[in-house]
Amino acid sequence: MAPELPLSIFKAPLLSPLAVSALLFFGALSLAELAVRVARVPRIAALVLAGAAAGWVRSRSPAAALVPVPSVLLEALAMVLLFEVGQRVPLEWIRSNPWMLVASVGETGATFCAIFAVLAYGLGRSAVESLFVGVICMAASPIVVMSVTKDLRARGQVSERALLFSTLSSVYAALTMQLLITGYLAAAHVQLTLVLQPLFQLVGAFLLAAVTAGVLRVFALLTQARGAVLTVGIICSCVLLYAYASPLGLSPVLAALFLGLLVRATDRSHSLLSHQTSETGAVLTLAYFILLGASLSWFPTWRIAGIAAAIVAIRLLAKAAVNALLAVPAALRTGKGAMVGLSLSPLSSLALMFAATIARHPGLEEAGEISAAVVLAMAILGPVLTEIAFRLAQEPTHPLP
Amino acid sequence: MNDLLCFRASRPFTLGVELELQLVDRRDGDLTHGATDLLRIARRRHPQLDIKLEITESMIEIATEVRFDYEGILGDLRVLRDVVCEAAERLNVGVCGGGTHPFQSWTERHIADGPRMRRISDLYGYLAKQFTVFGQHVHVGCPDGDAAIALAHGLSRYVPHFIALAASSPFLQGEDTAFDCARMNTISSFPLSGRMPSVRDWAEFNSYFDKMRSTGIVDSMKDFYWDIRPKPEYGTVEVRVFDTPLSVERAAALAVYVQCLARLLAASPRPDLTQDTELVYRFNRFQACRFGLRGELVDPITRERRPLHQDVRETIATIRRQLRGVPSEPLQSIEHCLDSGNDAAWLRARFAQSRNLGVVVNAQTSLFARSRAH
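Line by line, the protein sequences are chains A and B.
Going by the working numbering, the letters in the first sequence line up with residues 1 to 401, in that order.
Going by the working numbering, the letters in the second sequence line up with residues 1001 to 1374, in that order.
Treat the hints with caution; some may be incorrect.
Unchecked claim - Only pairs whose alpha carbons sit at most 20 Å apart, straight line, appear in this in silico EDC-like list of lysine to aspartate or glutamate:
#1 B:1052 / B:1086
#2 A:150 / B:1028
#3 B:1052 / B:1238
#4 B:1222 / B:1249
#5 B:1129 / B:1204
#6 A:150 / B:1108
By construction, these hints were calculated from the structure, which means they are not laboratory data.
Chain A on its own, in the form it takes in the complex (with noise of 0.2 Å):
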């Protein structure tokens, strides 16, 4: 059991678990800006860790694990981040460059055998653990790319690039992790509904936001919404989708990015362009980063950690060197490449829901345990690696403070 802090103040009566929820963000949230005010820490990786801070002492005071971590509220956060992922990427390079999808089916490829050869030939581990790891480690978090391209508002190849391979990653990983558990729990008895699934998620998913999208149009025609009412438009689009996937048997992280793209392609007055919304985008950047901090779990046993770590330079490597080897032929140079798998480095919210997902199954919850480890070093470290990436490739153009 964990030692309990003499922190008496979580005695008192006049603390109920609202007041803590609200006392342990506002501690969180001051804590990342100063360390971004005095330590330089990049933002995004400074809120992540302020948010595994409120987590830490929530685990360790009777009275503040009264507040339960709204996961619900994360993964709700999530697929509004996603909605904007999916109106940024810009899905029509893979049209004018086929390179693109070349390179990013070979980075994600490569970063699954890397992992998966690391573990169960380095390491020992089971094919089944390693299959699940590998497929949850090879994908990279378009959120965090998103929010570190735009809090230091950068421009260039390599960001743009980062975001695409990010979500063509996650949307590999996705209908990938559906199709390892329906089979794990199919015992490999090879069913038509199994070979199926991939396309029942595509498709299922493209219908359900095509229905949201449809949604938030008639409301924004109706309304002429613009700035803050807009994007509450949009959260309330995004927290329907995400109500109606999960008992559908879709993937919300599908439909969030589907949403996005619909929007996109058929918003030609770029009236709900994310360019345009209001600060609330940014708060919600905020929350979520904190709550994502909140939920990652630290390193159950130094075993997990090492593991954890060799993933970690595994997939760090992979992903600089196959976008290295693949940069010249979709027209870039070398260098830039490797900067480009420097910035797929971090892993969030997508990640940690896989990690959860597989522990509740028998017989992996150590891969579980492995993957939430991984998470936990790659939405800290990922952030940083990300903006060292853009820095080198000069593409911030956010003016000196």
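Since the structure of chain A is already known, use the hints to place chain B on it.
For chain B alone, kept in the frame of chain A given last:
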């Protein structure tokens, strides 16, 4: 010091065109960073073409070969446009004309690498970043320095024509400036901008340049940001007041218009270097920038005011009457501009439809690539 500038003779009335182009994000239309990456692709595939970096990573410059006729200039510009657009597509970057970007924030610009760019940035500070404006430069060949000085003074009477016909910078920093050509206001911030001094020949020009260099005010001819200046190393006179038009077809037509005027002036040279000319020059230039083709011109001799568009029409009529072998297409293109409005009017019309400057930039990008050969 006293190193005389050597004017390299060139064939009279030959033409060369340089266009500064915007590199924009295809998603939201804002300026993006991509000049170095784009240049690398374009040069690897077409090393013979003249495509260069400019002062920031958000712009590139293309330049034609030395040509004599409209077809040559237009052909070169179309090839350059296709190469640049093709390279840009591989990078998911948009390319467009226009004298200013409608809503970019100058504080976000990066000065490109290179000793000259760094020197400009050190000397001019924030002005260097505000210099993210986009122009067309037209070079006209001259047989010697004296002819170049005469031509530079002669063409200055037509500067309002050039500004009004090419004007494509009505928006700046997200606002409608009420000017058709806001770009020239940015250039006016530089100490050595405006009209070339009233020197009478190449010897006087050399003397002036020597004084400026000996005081350390300038280092080379590149430090003069005049509206029209001699370019001794090329053997040309360079007209620098055009905004980059929204299409290469308009750019080629304007270049031929300059060539025609140079031929007219050569047939009847009459350099006017009085103080009244200087006074009127600034007023007429302002009228063209502010009102475009709806502006008024003041004649320094007769003191009369007349509509700018009427002056252009009469000049075209004179060209047709007095010059032989002028192709009809470029002059018709200019008349079309007089009838339907300049690029600034086109941009304002797009904005009136969408009320969104990002959509306006997307329309500019489509227009620039419109007649691309696939």
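Tell me, in ascending order, the numbers of any earlier hints that this structure violates. Checked against the structure, the hints that fail are numbers 4, 5, while the rest are satisfied.
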